[in-house]
Amino acid sequence: MPAEAIAATVSVDVRGSDGKPLAGAVIALDTPRKPAGPIKFDPPYEMAQQNIAFVPHVLIVPVGATVTFPNRDKVRHHVYSFSKPRKFDLKLYGKDETRSVVFDKPGVVALGCNIHDAMNGYVVVVETPYAVQTDANGHATITGVPAGGATIRVWHPSIRAPDNMLVQSATIAPTGFATTYTIRGR
Amino acid sequence: MSRAVTFPALRRWRFRHLRTRLAVQYGMLFAVCLLAVALVGQLVIWGQARDAVRAELRTSGSVYDRIWAMRARALGDSASVLTRDFGFRSAVASGDRPTIESALGSLRARADVPQAFFVDPTGRVFGAGPADVRRAVASVPTTLAQGRTDAVITTKTGVFRLIVAPVLAPDDIGWVIFALPLDLREMAALQHLSSIPLTATILARNAQGSWRGVSGAITPEPALDAFVATAIGGRGEPGLLSLPGGDALALAKPLSGPAGKPVAILLLSYPWAAAMAGYRTMQIGVALAGILGLLLVLLGSRRLANGIARPIAALDAAARALEEGNRTELLVESDDEVGRLAASFNLMSAGIVEREHRITHLAFHDTLTGLPNRTYFCQQLESDLPRSLKRGERTTLLCLDLDGFKGINDSLGHPIGDALLRCMGDTLSRLANDAVVARLGGDEFAIILDDRGDSDRPRALAQAILDEMRTPITVAGHQIATGVSIGIAISPNDGADSDALLKNADLALYRAKQDGRGVFRFFEPALDAAARKRRMLELDLREAIQGGQFRLNFQPIFDLKRDRIGGFEALLRWEHPTRGNVPPIEFISVAEETGLIIAIGDWVMQEACRQATAWPDHVRIAVNVSPLQFRNSGFPNVIFQALSHSGLAPNRLEIEITESVFLDGETTVVTLLHKLRAMGIRIALDDFGTGYSSLSYLRSFPFDKIKIDKSFVNAVAEDKSAAAIVRAIVDLATALHMETTAEGVEDRDQLSELRGQGCSSIQGYLFSRPIEGELVEAMIGSAMSAAA
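Protein sequence lines correspond, in order, to chains A and B.
Here our numbering is used: position 59 in the first sequence is 59, and no number is missing along the way.
Here our numbering is used: position 599 in the second sequence is 785, and no number is missing along the way.
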């Protein structure tokens, strides 16, 4: 059986600088061999504004995805992004109004609301199907990863690194790969 | 001076006056109290001042803290206006440098801060400012500790306070940073906030890591480092610090750098002198009050000391005067100890003066007669002589001696003798009331007679004394007939100094005694010559004893009953190397006076016995014994030794004594004679018929022989009376069973007369002159043959 055909499981634990499990961190694996066909994550690609917050806080979408920004609050929002992958500015729109934005470049797009400073959210645009968020236990499992060399990216807003991202090369063994990242805070 | 002084240091001080000492001691005591009060006052003031300044510093410190925080908040607010501005964020997101810098410029003006920068996440710095500040600012956002919005940095340009405000979109996409120089202007503004004129200074580390003032006013030193270290350690308490401007109370506030470590210090200080300035008036007041008090105490204690010391000073002066022999009466002013002391002193000094007089009198006067003594007399003479010599006047010295005083003392007792001396003293004082009369000791008196122009006065006085003393004196019921001998010497002829004059007066007295007593004699130079001769003779005698210049001659005593030589009388001969043959009459008196007779007599006794042992057994040896020798307590021993050494039979030794041995009292002499007789020695009474020739002696001791003096023998042939006396003596002796020897028989008429009268033996030139010892045996032999 060729090595490429082997689908391994990658298990990652992320801990914050205080040593506690860090939830909401994005783990993405770039493999040399991309799977055929468009990348798909569980729909919908939606970043709602609900109770003066972005829901979900972090949304993973593949490159080229169109994300909708429905307003479920009674107040109006002014969603914007100054992030390089995708700058946009959705001027004030009201309840039950929806805007949509196409994310055609990979990267992390930080979202803000010009009216509500406290609101923030992230759209993580990836070019790989192997991307997942850590759960409440700081744990993430990615299945069906082809064994061999890979680049592991870990992203979280609290990571003090360019683009809040750690990048590491790894060799994924056919039997699987497990690692733990501890975020170096300051 | 008392050693129990309050202060040890005072022990070294010697005060001339008690009042000074009291004043100084009280003064010092008070000064010490004042010093203590001043010291305590000073400490209180000091503590007060320190507490006040500390409180103020603490207040200022906390005010400053509040101001610091308020300023940070205000500036933060100012900055956040910009950081939240959508347009600015948009400009930042698009990296629009001109827009960012212009926005910063307007922010600087709006917030009234000198410098404002924007730093993006890659460390790029926007905004104008000194290069090193820009450099320093670039790293601040990444090094600033979580949750902090401000920090202090030190650069070459100065120390800056940074206020950091993040630009959120919604995450940090950059930071707006205000840089406020912590310069003199800022410090001045801070100083205005305090109610007391504090000095605010910024300290930073130098290259060596020591703290120093940024403005250069405060130089690095270990004390400052230690002070700052304490403050950084968390004990932000105000403390005393030595600063270039003088000591100051200071409070150090650590200013944290981006990483949280203190990189600079805000030093709030308050000069100690300024803190104390407010109390200066109080200090001066205390000092003035102290000095005034000290002056008052000095004056008061001086007054008090005077009161105590004046009577003591008077006592001191009186004691000194007494020491010099002047007595002063002290005035008793009070009833206290000092007053009593003065009274006691008066009594004591009176006693001392009285005793002194008595001692002086005793030292210079004779207690018995009350007359001046020898000491006084000699002083008087020594002081009188040079004076009169200068004036060309004469001084006459009379030396007096009672005749036979020893006998009176011995026979009538000392009380009578003393009474006699007193009587004599009175008489002399009365007769010589114009002269100094002194008792020199014993029965010796002396009179110093000054020249009164009457050259006959000495003689007249001497005669008057002799006349007066001739009448018997009645003392305690005893009629005492005594005489006095007087020697007179007149200066300057008879001696220019007191020693010579006294010696010559003594010589004159000696002559007067020799001339039969009861007379006076003036000194003549011949007396001095005679005295000199005697002294010479005495020296020669001593030499003769040492040098064996003596020898014995022997004169035979012819036994008329047995017609043979019965014995020899030993006669002393002195063959002097230069004087030649010195006759005994010339030297025996000197030997007796000097006591040499004892030694000479011993030698005679030994020698006589020694030679006599060679003679036939019936031939005796007769030895003359002087009264002085006889009186000597060792005399029996001398005889015993002579007999035992020579081996001569005691009955062949005959000692000849004269009546004069009885002068010292009959009993002891008789006892001694019996003692000698018990040894077997024969005893003859010499020179019988001269002197007293008391018959009581013959009765008191049974002499073996009586020697009839040659003055009777010489006349026995021609003078009937002499013959009668000789007969009487011979008859008396025969009756008493004593032998008789007639001395000085010179012719046959005398011999026949004596033989007729029954005389036992004869001695004289008729038979033989004294002969040398070696001829004795020959003479004995020829006499035997002649008789035969």
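Think of the hints as simulated: they come from the structure by calculation, not from any bench.
Just so you know, these numbers come straight off a predicted model, no measurement behind them.
Warning: the hint list may mix true and false statements.
Stated by the list, open to error - Lysine to aspartate or glutamate pairs mimicking EDC-like chemistry, simulated, CA-CA at most 16 Å apart:
| # | chain 1 | residue 1 | chain 2 | residue 2 |
| --- | --- | --- | --- | --- |
| 1 | B | K699 | B | D604 |
| 2 | A | K87 | B | D357 |
| 3 | A | K84 | B | D282 |
| 4 | B | K439 | B | E242 |
| 5 | A | K84 | B | D358 |
| 6 | A | K87 | B | E242 |
| 7 | A | K95 | A | E127 |
| 8 | A | K84 | B | D357 |
What the hints assert, rightly or not - Coverage of chain B stretches by chain A, computed from C-beta distances (three or more under 8 Å per stretch; other residues unrestricted):
| # | stretch |
| --- | --- |
| 9 | 274–287 |
| 10 | 345–358 |
As the list claims (entries may be wrong) - With beta-carbon atoms standing in for the labels, derived distance ranges:
| # | chain 1 | residue 1 | chain 2 | residue 2 | range |
| --- | --- | --- | --- | --- | --- |
| 11 | A | F88 | B | G333 | 47 to 57 Å |
| 12 | B | A295 | A | T151 | 47 to 57 Å |
| 13 | B | A415 | A | A173 | 52 to 62 Å |
Positions of the beta carbon are idealized from the N, C-alpha and C atoms, including for glycine.
Verification of the hints:
Under the criterion of a C-alpha separation no larger than 16 Å, the hint pairing K699 of chain B with D604 of chain B is inconsistent with the structure, at around 22 Å. Of the pairs offered as hints, the one joining K87 of chain A and D357 of chain B holds, with about 14 Å between alpha carbons and a cut-off of 16 Å not exceeded. For the hint linking K84 of chain A to D282 of chain B, the alpha-carbon distance of about 14 Å falls within 16 Å, and the restraint holds. Between K439 of chain B and E242 of chain B the alpha-carbon distance is near 15 Å, which keeps this suggested pair within the 16 Å criterion.
Only pairs whose Cα atoms come within 16 Å are accepted, and K84 of chain A paired with D358 of chain B is accepted, the gap being roughly 14 Å. For a cut-off of 16 Å, the pair hint linking K87 of chain A to E242 of chain B is broken: about 57 Å separates their Cα positions. A hinted pair counts as satisfied when its Cα atoms are at most 16 Å apart, and K95 of chain A with E127 of chain A does not qualify at roughly 33 Å. Pair hint K84 of chain A plus D357 of chain B holds up; C-alpha atoms about 13 Å apart against a cutoff of 16 Å.
With 5 residues having a beta carbon nearer than 8 Å to a beta carbon of chain A, the stretch 274–287 of chain B meets the requirement of three or more and the stated coverage holds. Note: the stretch 345–358 of chain B has 4 residues with beta-carbon separation from chain A under 8 Å; the three-residue rule is met and the coverage holds. Judged by the Cβ atoms, the range 47 to 57 Å given for F88 of chain A and G333 of chain B is violated: they are separated by roughly 32 Å. At about 49 Å, the CB distance of A295 of chain B to T151 of chain A agrees with the hint of 47 to 57 Å.
The given range of 52 to 62 Å is respected by A415 of chain B and A173 of chain A, whose C-beta atoms sit roughly 56 Å from each other.
In terms of the numbered hints stated before, the structure departs from hints 1, 6, 7, 11, listed from lowest to highest.
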